[in-house]
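Sequence order for the protein chains is P and L.
Numbering-wise, the first sequence is residues 1 to 378 according to this note's numbering.
Numbering-wise, the second sequence is residues 1 to 378 according to this note's numbering.
The hints are simulated quantities; they were obtained by calculation from the structure and are not laboratory data.
Hints should not be assumed to be uniformly reliable.
Chain copies aren't distinguished; within one or between two, either way the pair holds.
List of simulated lysine to any residue pairs, SDA-like, C-alpha gap at most 20 Å [as the list claims (entries may be wrong)]:
#1 216 with 264
#2 216 with 346
#3 290 with 37
#4 290 with 35
#5 353 with 201
Protein chains: 2
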Amino acid sequence: MPLATRGAVKGLQSEEVGALGFELILANTFHLLLAPGPELVEEAGGLHQLMRWPRAIVSDSGGFQIFSMGHGTVADEIKGRGARGRRTSTEAGGALLAIEEEGVRFRSYVDGRERFLRPESSMAVQAKLGSDIALAFDECTPYHATREYTARSAQRTHRWLERCLRWHAHHGPREQALYGIVQGGVYDDLRSESAQTVAASPCDGIAIGGSLGADKQQMREVVAFTIREVARHAPERPRHLLGIGDVDDLITGVQLGVDTFDCAIPTRLGRHGVALVPDPEARWRMDLAKGRFSRAPEPILDGCGCPACAGRYSRAYLHYLLRAGELTAVRLLTLHNLNFIARLMDDLRESIKAGTLADATAALRAGAAPEALRSYFE
Amino acid sequence: MPLATRGAVKGLQSEEVGALGFELILANTFHLLLAPGPELVEEAGGLHQLMRWPRAIVSDSGGFQIFSMGHGTVADEIKGRGARGRRTSTEAGGALLAIEEEGVRFRSYVDGRERFLRPESSMAVQAKLGSDIALAFDECTPYHATREYTARSAQRTHRWLERCLRWHAHHGPREQALYGIVQGGVYDDLRSESAQTVAASPCDGIAIGGSLGADKQQMREVVAFTIREVARHAPERPRHLLGIGDVDDLITGVQLGVDTFDCAIPTRLGRHGVALVPDPEARWRMDLAKGRFSRAPEPILDGCGCPACAGRYSRAYLHYLLRAGELTAVRLLTLHNLNFIARLMDDLRESIKAGTLADATAALRAGAAPEALRSYFE
Numbered sequence: 001m002p003l004a005t006r007g008a009v010k011g012l013q014s015e016e017v018g019a020l021g022f023e024l025i026l027a028n029t030f031h032l033l034l035a036p037g038p039e040l041v042e043e044a045g046g047l048h049q050l051m052r053w054p055r056a057i058v059s060d061s062g063g064f065q066i067f068s069m070g071h072g073t074v075a076d077e078i079k080g081r082g083a084r085g086r087r088t089s090t091e092a093g094g095a096l097l098a099i100e101e102e103g104v105r106f107r108s109y110v111d112g113r114e115r116f117l118r119p120e121s122s123m124a125v126q127a128k129l130g131s132d133i134a135l136a137f138d139e140c141t142p143y144h145a146t147r148e149y150t151a152r153s154a155q156r157t158h159r160w161l162e163r164c165l166r167w168h169a170h171h172g173p174r175e176q177a178l179y180g181i182v183q184g185g186v187y188d189d190l191r192s193e194s195a196q197t198v199a200a201s202p203c204d205g206i207a208i209g210g211s212l213g214a215d216k217q218q219m220r221e222v223v224a225f226t227i228r229e230v231a232r233h234a235p236e237r238p239r240h241l242l243g244i245g246d247v248d249d250l251i252t253g254v255q256l257g258v259d260t261f262d263c264a265i266p267t268r269l270g271r272h273g274v275a276l277v278p279d280p281e282a283r284w285r286m287d288l289a290k291g292r293f294s295r296a297p298e299p300i301l302d303g304c305g306c307p308a309c310a311g312r313y314s315r316a317y318l319h320y321l322l323r324a325g326e327l328t329a330v331r332l333l334t335l336h337n338l339n340f341i342a343r344l345m346d347d348l349r350e351s352i353k354a355g356t357l358a359d360a361t362a363a364l365r366a367g368a369a370p371e372a373l374r375s376y377f378e
Numbered sequence: 001m002p003l004a005t006r007g008a009v010k011g012l013q014s015e016e017v018g019a020l021g022f023e024l025i026l027a028n029t030f031h032l033l034l035a036p037g038p039e040l041v042e043e044a045g046g047l048h049q050l051m052r053w054p055r056a057i058v059s060d061s062g063g064f065q066i067f068s069m070g071h072g073t074v075a076d077e078i079k080g081r082g083a084r085g086r087r088t089s090t091e092a093g094g095a096l097l098a099i100e101e102e103g104v105r106f107r108s109y110v111d112g113r114e115r116f117l118r119p120e121s122s123m124a125v126q127a128k129l130g131s132d133i134a135l136a137f138d139e140c141t142p143y144h145a146t147r148e149y150t151a152r153s154a155q156r157t158h159r160w161l162e163r164c165l166r167w168h169a170h171h172g173p174r175e176q177a178l179y180g181i182v183q184g185g186v187y188d189d190l191r192s193e194s195a196q197t198v199a200a201s202p203c204d205g206i207a208i209g210g211s212l213g214a215d216k217q218q219m220r221e222v223v224a225f226t227i228r229e230v231a232r233h234a235p236e237r238p239r240h241l242l243g244i245g246d247v248d249d250l251i252t253g254v255q256l257g258v259d260t261f262d263c264a265i266p267t268r269l270g271r272h273g274v275a276l277v278p279d280p281e282a283r284w285r286m287d288l289a290k291g292r293f294s295r296a297p298e299p300i301l302d303g304c305g306c307p308a309c310a311g312r313y314s315r316a317y318l319h320y321l322l323r324a325g326e327l328t329a330v331r332l333l334t335l336h337n338l339n340f341i342a343r344l345m346d347d348l349r350e351s352i353k354a355g356t357l358a359d360a361t362a363a364l365r366a367g368a369a370p371e372a373l374r375s376y377f378e
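Kindly generate the complete structure, drawing on both the sequences and the hints.
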């Protein structure tokens, strides 16, 4: 699912996201809480109505962004990237002030005011947003957290899940599903305990959050182990992997039994001039800002049905527009990247139905373009 | 015609501009000369091919932007706005170094290098761009120029026109038209002399450039006088009014006999959160960043067929997205504004054919929405 972080997939209209075939988007409760605020969204008839998106919306709990302000950039930590304590630009003005049993105190990056978010208020905000799937309020523990901290935090997350479920049962929109989140960092016993606890709750689906390790190998092991535990204790419930979306990680995730993913990667890469292409050696990335594309007449990817490729916009043109800072390039790359991911997932979904997942993943890993890429827009 | 300043209508794909019904766009020779450079555009098969725009392209001569660096912001001067000597942000790093009989020396804002543009090289660049209509190289004199300077400048512009025509006759693309430009500032005798000189040349069309006065009243007088002179001496040739595009100025211009216009206003206003609406009292502008729109559930303009209004995106949503700095809002407003202008021109065009121009302009000036607004996308 693409990110509609602040209630819009960056640079696109909702109907364009629908035209790409996506059935879910993820919106960030943290950002929408601060602006425009849940009351205004509710008054507008909910987030579907406000952003004119008729399909499903997943809202996160708000926790991830708040904890990022205290733990450094959790996204970087989870993926084993870079500097501890670094903050993302959007959170530069905000701060995590205190983590308490009751909830979390933080400073708003919008107006500098002190705010408090607790499981119940996270649920209340998500109810006002009117999302189809709400996520339970959790602490997203980073890679550098100790085992002891990770254990205590996971237990608090479990108590918060209970409070979320209780609030939701009494006040939540009847048609809204609620997913619990498995924490436990890179520790098998903690992941196992967390998976059992979440599976024992009456949540509608199960998301896997927190640190998945220092590198892709460890991530694969942590996800594999956690999914096995989830599948053992709640075989029928849908499984979501939070914040993961590199092409190879999506392939791995599907092989391991993940049902849904959300990630900023396709849209963020697009804004930075990087196109997704079937090139595993280059991590499926083509950086169109590089000088070698300045005279390249071909589109990003021959046979691709996205507006950029089907429109025959050349790599040279995109390169030039990126260098010139023209929004048109950002948009074309965003559309291409989202289409690439949507078609990749089409391929994987179809191969599961056909019983050919192993072949499909092997082909994709060997650099095959998703077959659906060719046919979708025809 | 919308501006494709650097070879893209900001934030849009070419096919979207076509879908709005525009048949011409204007690209800036100055910007394209500096990057990506005429050789690269030519190698790509010309600007039509590079930007995937199959309809007509007008290229300006490059002079306007160069003279802006010396005369201050010519656009402001022409329209009687504000500070002399102010520079636009894109030109902040550039500078006009010298105006000579041979041409103009300036410093590139891209790489700081000294460059020289003369009538012949402007034509050569426009030939490489492969535009359908090229504009002759002229000096765009600002409002604060003296009568004496304006007269000398206009005479040099006429000599430059001859050189442009000579180069174009020998080397220009056969299918490319060349427009001469009438200068002369706010002085009737200079405008008359310029109109006669340009009309006496074998140029294919006539553009009106330079200062049109300190306010709309004077602009109306200068344009009316100049058009009469042009019509007297070259009744059959198309007339273009350079850089004008406020809604009331378009209506006035059409009444006075202008055929085509180019202007940054619809796209630039969109980027700044301002929507065009049929509200003459508010200069046809609705500033959606204003607080009073924060809870407004209606679209920008009921009955409007643009993607923003037909998609039922509310003013409240656009207000919020603008405040949050989301590109989606900029895009929706750009599409709305360009559609508004395209439909306004449809109305005026149809009313000319029907012999009801006076009624149409009176209705539009009284705040009627363009009728074409309702039907175009149906």
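Each hint, compared with the structure:
1. 216 with 264: So residue 216 and residue 264 pass the 20 Å test inside one copy only (18 Å; across, 49 Å).
2. 216 with 346: neither (24 Å within a copy, 58 Å between copies)
3. 290 with 37: Answer is between; shortest inter-copy Cα gap is 17 Å, intra-copy 40 Å.
4. 290 with 35: between (37 Å within a copy, 15 Å between copies)
5. 353 with 201: neither (30 Å within a copy, 72 Å between copies)
Figure legend: structure checked against the earlier numbered hints; hints not met, in rising order: 2 and 5.
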